[in-house]
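Enquirer: Just so you know, the sequences run in chain order Y and U.
Here the first sequence is numbered in the numbering used here, starting from 16 and rising by one per residue.
Here the second sequence is numbered in the numbering used here, starting from 449 and rising by one per residue.
These aren't lab readings, by the way, just hints derived from the structure by calculation.
Just to be clear, a hint being listed does not mean it is correct.
Claimed, not checked - 30 Å max Cα-Cα, derived DSS-like pairs, lysine-lysine:
no.	chain 1	residue 1	chain 2	residue 2
1	Y	Lys-462	U	Lys-527
2	U	Lys-719	Y	Lys-548
3	U	Lys-451	Y	Lys-548
4	U	Lys-719	U	Lys-585
5	Y	Lys-540	U	Lys-531
6	Y	Lys-465	U	Lys-585
7	U	Lys-585	Y	Lys-548
No experiment lies behind these values; they were computed from the predicted model shown.
So you can see what is in the structure, the chains are spelled out below.
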Amino acid sequence: MADIVPTAAEDIPSAEVAEVDLYHAKSWWTKYVFSQDAKVIAVQYSCTAIAIGLVALVLSWLMRLQLGFPESFSFIDASDYYQFITMHGMIMVIYLLTALFLGGFGNYLIPLMVGARDMVFPYVNMLSFWVYLLAVVVLVASFFVPGGPTGAGWTLYPPQAILSGTPGSEYGIILMLVSLALFIIGFTMGGLNYVVTVLQARTRGMTLMRMPLTVWGIFVATILALLAFPALFVGAVMMLFDRILGSSFFMPAIVVMGEQLSYGGGSPILFQHLFWFFGHPEVYIVALPAFGIVSDLLSVHARRHIFGYRMMVWAIVIIGALSFVVWAHHMYVSGMNPWFGFFFATTTLIIAVPTALKVYNWTLTLWRANIQLTLPMLFALAFIVTFVNGGITGLFLGNVVVDVPLSDTMFVVAHFHMVMGVAPLLVIFGAIYHWYPLMTGRMLDEKLGKFHFWVTFIGTYIIFLPLHYLGILGVPRRYFEMGDTSFIPDSAQDLNAFVTVAALIVGFAQLVFLYNLFRSLRHGKISERNPWKAASLEWQTAAYPPGHGNFGEHLPVVYRWAYDYGVPGAPDDFIPQNVPNNAVAESHAEAPSAADDAEAPRT
Amino acid sequence: MKKGFGVAFMLFLVTAGTVLFHVFSPWWWTPLASNWGYIDDTIILTFWITGVVFVAVLGFTAYCVLRFSYQEGRRSEYKPENKKVEWWLTGLTSLGVVGMLTPGLFVWNEFVSVPKDAAVIEVMGQQWQWSYRLPGKDGVLGTTDVRQVNDKNPFGINMKDPKGRDDVLISGEDLHLPLDKPVKVLLRSLDVLHDFYVPQFRAKMDMVPGVVTYFWFTPTRTGTFDALCFELCGVGHYAMRSKVVVEKEGAYQAWLKKQQTFAQSLRAAEKQSGAESKVASAQGSGNAAGGGSPPLVTGR
Chain Y
16 MADIVPTAAE DIPSAEVAEV DLYHAKSWWT KYVFSQDAKV IAVQYSCTAI
66 AIGLVALVLS WLMRLQLGFP ESFSFIDASD YYQFITMHGM IMVIYLLTAL
116 FLGGFGNYLI PLMVGARDMV FPYVNMLSFW VYLLAVVVLV ASFFVPGGPT
166 GAGWTLYPPQ AILSGTPGSE YGIILMLVSL ALFIIGFTMG GLNYVVTVLQ
216 ARTRGMTLMR MPLTVWGIFV ATILALLAFP ALFVGAVMML FDRILGSSFF
266 MPAIVVMGEQ LSYGGGSPIL FQHLFWFFGH PEVYIVALPA FGIVSDLLSV
316 HARRHIFGYR MMVWAIVIIG ALSFVVWAHH MYVSGMNPWF GFFFATTTLI
366 IAVPTALKVY NWTLTLWRAN IQLTLPMLFA LAFIVTFVNG GITGLFLGNV
416 VVDVPLSDTM FVVAHFHMVM GVAPLLVIFG AIYHWYPLMT GRMLDEKLGK
466 FHFWVTFIGT YIIFLPLHYL GILGVPRRYF EMGDTSFIPD SAQDLNAFVT
516 VAALIVGFAQ LVFLYNLFRS LRHGKISERN PWKAASLEWQ TAAYPPGHGN
566 FGEHLPVVYR WAYDYGVPGA PDDFIPQNVP NNAVAESHAE APSAADDAEA
616 PRT
Chain U
449 MKKGFGVAFM LFLVTAGTVL FHVFSPWWWT PLASNWGYID DTIILTFWIT
499 GVVFVAVLGF TAYCVLRFSY QEGRRSEYKP ENKKVEWWLT GLTSLGVVGM
549 LTPGLFVWNE FVSVPKDAAV IEVMGQQWQW SYRLPGKDGV LGTTDVRQVN
599 DKNPFGINMK DPKGRDDVLI SGEDLHLPLD KPVKVLLRSL DVLHDFYVPQ
649 FRAKMDMVPG VVTYFWFTPT RTGTFDALCF ELCGVGHYAM RSKVVVEKEG
699 AYQAWLKKQQ TFAQSLRAAE KQSGAESKVA SAQGSGNAAG GGSPPLVTGR
């Protein structure tokens with residue numbers, strides 16, 4: 016276990032390249048608006064993502080109102096409903112979760128956690144945010160064009176997405192596709208930054224196998240995104256051509272409402288392959304950062320090292336690799352050659368093994384630990400519950416023949432909300448409670464946080480658990496209203512009403528969370544340095560909260576992994592990564608400038 | 449009260465609540481009406497295997513929270529890896545996965561292997577209605593081409609194909625099927641993706657314009673069942689309904705005799721077109737297939 020035993024100070028290599036001076040902001044504009052500081056860009060990304068996420072939250076209320084109380088709201092017709100679900104899904108998956116995990120947490124944490132002063136290409140990093148913002152603006156603009164935003168479902172399946180029977184087929188779909196293309200361009204600029212920073216800008220002693228799992232998760236997720244998004248990009252461009260130029264990439268010969276269209280020869284299933292070749296890795300683009308972050312939250316707040324670190328790293332890498340050979344499990348009943356089912360069911364169930372191991376290792380981290388039930392720990396525990404639940408239902412849907420009756424039912428809706436909606440969002444909340452002090456120097460209010468936690472956790476769980484059973488019953492997804500259907504009992508409608516009420520309550524709790532975020536900026540309890548007594552580098556900066564350039568005059572040198580909690584014989588129950596062995600004997604918890612003290616002479 | 453008791457109790461409650469909800473849920477499968485009991489069995493097996501893991505993992509988590517919650521001055525155990533435990537868990541998980549996958553693939557093999565004696569029928573989807581086509585006396589469906597779809601030929605049956613003339617066409621009405629006879633359902637769409645699904649049959653497949661897809665099943669119970677569209681197909685998706693009537697052979701044959709063939713419908717259309725040409729063309733522009741009613745609601 017060479018990677019875990021602290022390395023002697025002499026083994027630390029000297030820096031291979033001299034430090035380059037950072038661009039220093041000269042005005043308010045370049046400091047806070049057109050900033051090249053990854054930490055500011057992270058906040059910009061996060062605020063934009065949360066703002067657009069609120070739109071998606073409101074859309075979910077509207078769709079739930081319709082489902083819970085059909086025929087009660089004259090302002091919601093079928094077109095509106097399909098637009099709500101489409102935009103809700105697209106915003107949540109792409110513009111909130113992807114942007115927040117990679118653009119938000121990636122930007123903030125990667126440089127700090129690997130001991131870099133900033134991302135390696137700060138200017139490109141800044142552009143990444145502004146292109147992302149443009150993508151969001153184009154997306155929002157689609158709400159205001161004639162016909163409204165697209166209502167094609169977030170999967171945007173052609174031919175339906177660009178034909179007149181679907182709301183928003185005039186302008187909405189065009190803006191949606193343009194927005195996606197912009198998002199991908201913006202993401203690529205940021206993503207290249209994250210990958211190169213992790214590979215090239217780690218400080219001395221920060222070997223790959225000493226990186227916090229947060230960095231591993233975001234790093235591998237970014238690689239996935241860089242490989243997967245191009246498939247969506249070409250799919251979006253080809254569909255734009257079909258819609259605007261009349262090409263037929265995805266369009267076979269079609270008769271719509273008795274009218275022969277001029278399309279011919281294209282394949283709708285081709286789009287599905289392109290979409291899911293992106294879409295499945297996308298699940299892990301969201302999940303892997305959550306896996307990484309939750310590992311760190313569990314470890315820090317349980318005051319114990321993560322269990323099986325190397326297996327955790329390899330599981331992330333293997334899951335990432337496998338995620339590229341499972342995409343067609345979204346297409347078992349798409350009409351593709353059914354013999355593909357054997358291959359994709361097998362790969363899909365294989366991916367369950369490394370995923371399950373991660374779950375075991377999280378729980379084994381708690382074994383003989385010293386668990387502090389702080390807010391981040393509560394959210395991490397809730398993540399385990401919802402992720403186990405959602406992961407298990409994935410085994411149903413991945414096992415091809417079981418998917419046949421369940422596909423396109425509420426079971427699918429419940430499954431993916433549990434596993435890639437609720438579970439990653441719980442991690443995001445936990446992460447915000449955890450790193451808010453680092454970002455602002457203040458703690459979030461604990462009482463409001465507890466309220467937010469319990470309502471969100473229990474609320475989302477009782478929203479999505481019963482929906483699985485509606486799916487088993489045979490209630491389809493994407494239905495504006497069920498009308499009279501012989502096999503659906505009245506109790507299903509009562510359940511829908513109950514779920515709607517629960518969704519509104521959970522939504523309200525999110526407003527409390529937002530209030531907490533804003534209020535604590537000024538009125539939160541002042542956070543002491545490293546309030547959670549974490550060992551990873553982001554808490555060992557010279558200034559607290561860290562300023563531009565992250566560390567003091569000298570970059571920290573890393574002597575150990577990020578999980579030295581409860582080391583026998585050490586005076587404190589944790590040893591920061593930048594404390595050399597010969598300094599462990601002295602108490603370090605009070606040493607704020609450990610980064611500088613431990614510094615070897617600059618070369 | 450011990451620190452951590454509250455949280456551990458909630459974790460326990462969620463775990464137990466989930467299991468109890470599963471056992472007592474009033475919402476469960478519709479009673480099976482086809483040969484695909486194997487699918488239900490595979491799902492029950494999956495529930496058992498995953499259920500055990502669910503309870504074990506969350507129970508263990510709740511126990512840890514209760515047993516190891518924070519005490520000032522205590523140190524957690526420093527034991528970064530345990531190869532033995534990790535290999536055991538890998539092995540057991542793999543075993544569970546094999547236990548679910550093997551029967552799953554076995555049943556899938558059945559699902560994609562259509563019996564030779566299966567009767568062939570066609571379900572055709574278009575926004576937002578279902579139509580059905582049965583082979584006539586020759587037992588073969590005529591070839592089709594979307595380009596040949598028009599008012600008189602809503603199915604787009606190839607006019608030059610003699611095998612198509614005796615095909616039985618059913619538009620805007622229920623589909624009838626004989627009991628206990630395996631059926632291969634060919635699926636065709638004129639416009640966008642659709643999916644023909646009767647929950648009691650458990651079997652479904654998307655229909656994709658440009659290609660013909662299929663699935664097969666054997667109806668095992670008489671009755672009238674709701675058929676729904678299970679692939680988003682535009683604003684009328686939720687109202688794209690039909691019914692499937694499963695009945696004994698005699699009743700089925702009686703029903704079949706009453707249905708019109710393609711040749712009969714062409715003759716009827718010709719007669720009509722003389723008398724009511726204006727009315728027919730007005731209807732045709734709105735609704736090519738005639739019968740059925742696109743329910744709704746156009747865009748704003």
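Enquirer: Each hint should be assessed against the structure and marked as holding or not.
Expert: Outcome of the hint check:
1. Y/Lys-462 - U/Lys-527: Distance of about 35 Å is beyond 30 Å: violated.
2. U/Lys-719 - Y/Lys-548: Status violated; Cα separation ~89 Å.
3. U/Lys-451 - Y/Lys-548: Measuring from Cα to Cα gives roughly 20 Å; hence the hint holds.
4. U/Lys-719 - U/Lys-585: 24 Å, holds
5. Y/Lys-540 - U/Lys-531: 43 Å, violated
6. Y/Lys-465 - U/Lys-585: 72 Å, violated
7. U/Lys-585 - Y/Lys-548: With Cα atoms ~82 Å apart, U/Lys-585 and Y/Lys-548 exceed 30 Å; violated.
Comparing the model with each numbered hint stated earlier shows that hints 1, 2, 5, 6, 7 do not hold.
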